[in-house]
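J.: Residues per chain are reported as follows:
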Amino acid sequence: MTSLIDKINAANEEAFSRLVSAKPVWVDVQPALSVLPGMTRHTVLHAGPPIAWQNMCGPQKMGVVQAVLHEGLAADEADAEAMILSGQVTVAPCHEYGAVGGMAGITSASSPMAVVYDSVHDRYGYSQLFQGPASGLQNRDDYNREARKRWTWLETVLGPVVGKAVRSTQGIPVKPMIARALEMGDECHNRNSGGSLVILNALILPLYETCTDPALLHEVLDYLKVNEQFSLCLSMAAGKAMADATKNIPYSTMVSAMCRNGVEFGIKVSGLGEQWFTAPASRIEGLFFSSEWSDADAVPDIGDSSIMETIGLGGHVQAAAPVLQQFVNGSFARATSVVESMQLITLGQVTEFKIPNMNFTGAPTGIDIRKVVQANLTPVIDTAIAHKKGGVIGAGQTRAPFDCFAHALRAFSARYMQQSQ
Amino acid sequence: MTEQQPSPLFEQTLSVVNIGIDLFAETLRQQSVDVVQVQWSPPATQNEDLMNLLDSLL
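Listed in order, the protein sequences are those of chains A and B. First residue of the first sequence: 6, per the numbering used here; consecutive thereafter. First residue of the second sequence: -15, per the numbering used here; consecutive thereafter.
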């Protein structure tokens, strides 16, 4: 008779092999309403595990209201809040609609989504496009106005123009872009300068061939030139497709999702299906982009971008991007020790994602809740820092809270140890 | 009173493995001593129930 541990090991091998064999390809950009399963005009999605609107942190709460106004569902903020509280607007996690969203993750019907498809597992992953830097942080109304102006531009210019260009290609494979970015000094979460150049390179000719309006072409190229984090949306959409392919494998203790909403950090575990395990979100150790900001202005850990650590990148491959150590007053030795510690809590190394300056060792991937609890080491997350009134004000590192993994381990044992007795 | 011989340890090149606090390794490196640093910290106190669960799962 197969022992419980043998079943777990076989299930984890299967989960890990799905991450390795996935071949996510960027194929399109389309409005959320057209592509997200279950999306409606009255739905607003957010980053992180489920949370009631009234319990959200400042920028996410404000973002949901702005999205309701932006979609023309309400006349003013009071009206929008009443609709949200009465349930006329559905507020739900991006993760439950096949998507991921950076920072607050606000995604509504018209949001243009990067569409990534993995034909190996027949899985789609979606991510909103980056809003880019918004001015007016000192004033809430200015910020909201700027943000909504930006959303309109993303919907009417960037999404359609880039979507057309991408459709004219055979699709742009995401894993080779990530592998190349690692060689160029990215860890593919906080640093995406190399990856964004690779994408810009891949898009230049298709844009030139498909966009006949020089003014629009100029605007799009200017956006791609300035937004050094652009490739992260594609990596995140690919990460979502890859991680979703590892879900629902009975007996697997591998983490299939990690995300944060600024209040709680949540994980899912392959063998435990769609159940969330949450704990309070951590503060972020890092640097602020201006001396006017401090911890007092910062929201705790927020965003779905920790899908990157879920697939073994970001904090797990920190040594690939030594420059990021400046955010935490660290060193290259510190970065390598972080990678080595992530090797202790993961199932294996993905050789497709190599860390050049660590003798081309593979990315430590496939977080095992048993190993996390045993070693009392949780995943290191590289992340941006959000302002309580909205906008990105810094970057740094944090850790997933231990209690998520402890709760998951207890639930796993309750489900599977009884079955095996 | 007999004079003790110096330890042979001090007559050869040091081979040092430092376990834990890396300040000690760094201090030796500054004196041109080769050091292999092993990251380690004492295991934190764990919940007994979680450790018991791991006995059957790992």
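These are calculated hints, taken from the structure and not from any lab test. Bear in mind the structure is a predicted one, so any value in this text is a computation, not a measurement. The C-beta atom is built at its ideal place from N, Cα and C for all residues, glycine as well. Where hints are given, some of them may not hold.
Some, not all, of what chain A presents toward chain B, calculated at C-beta under 8 Å [stated by the list, open to error]:
id : residue
1  : V32
2  : L38
3  : S39
4  : V40
5  : L221
6  : E345
7  : S346
8  : V378
9  : Q379
10 : N381
11 : A411
12 : Q424
J.: Which hints from the list above does the structure break, by number from lowest to highest?
T.: 1, 2, 3, 4, 5, 12
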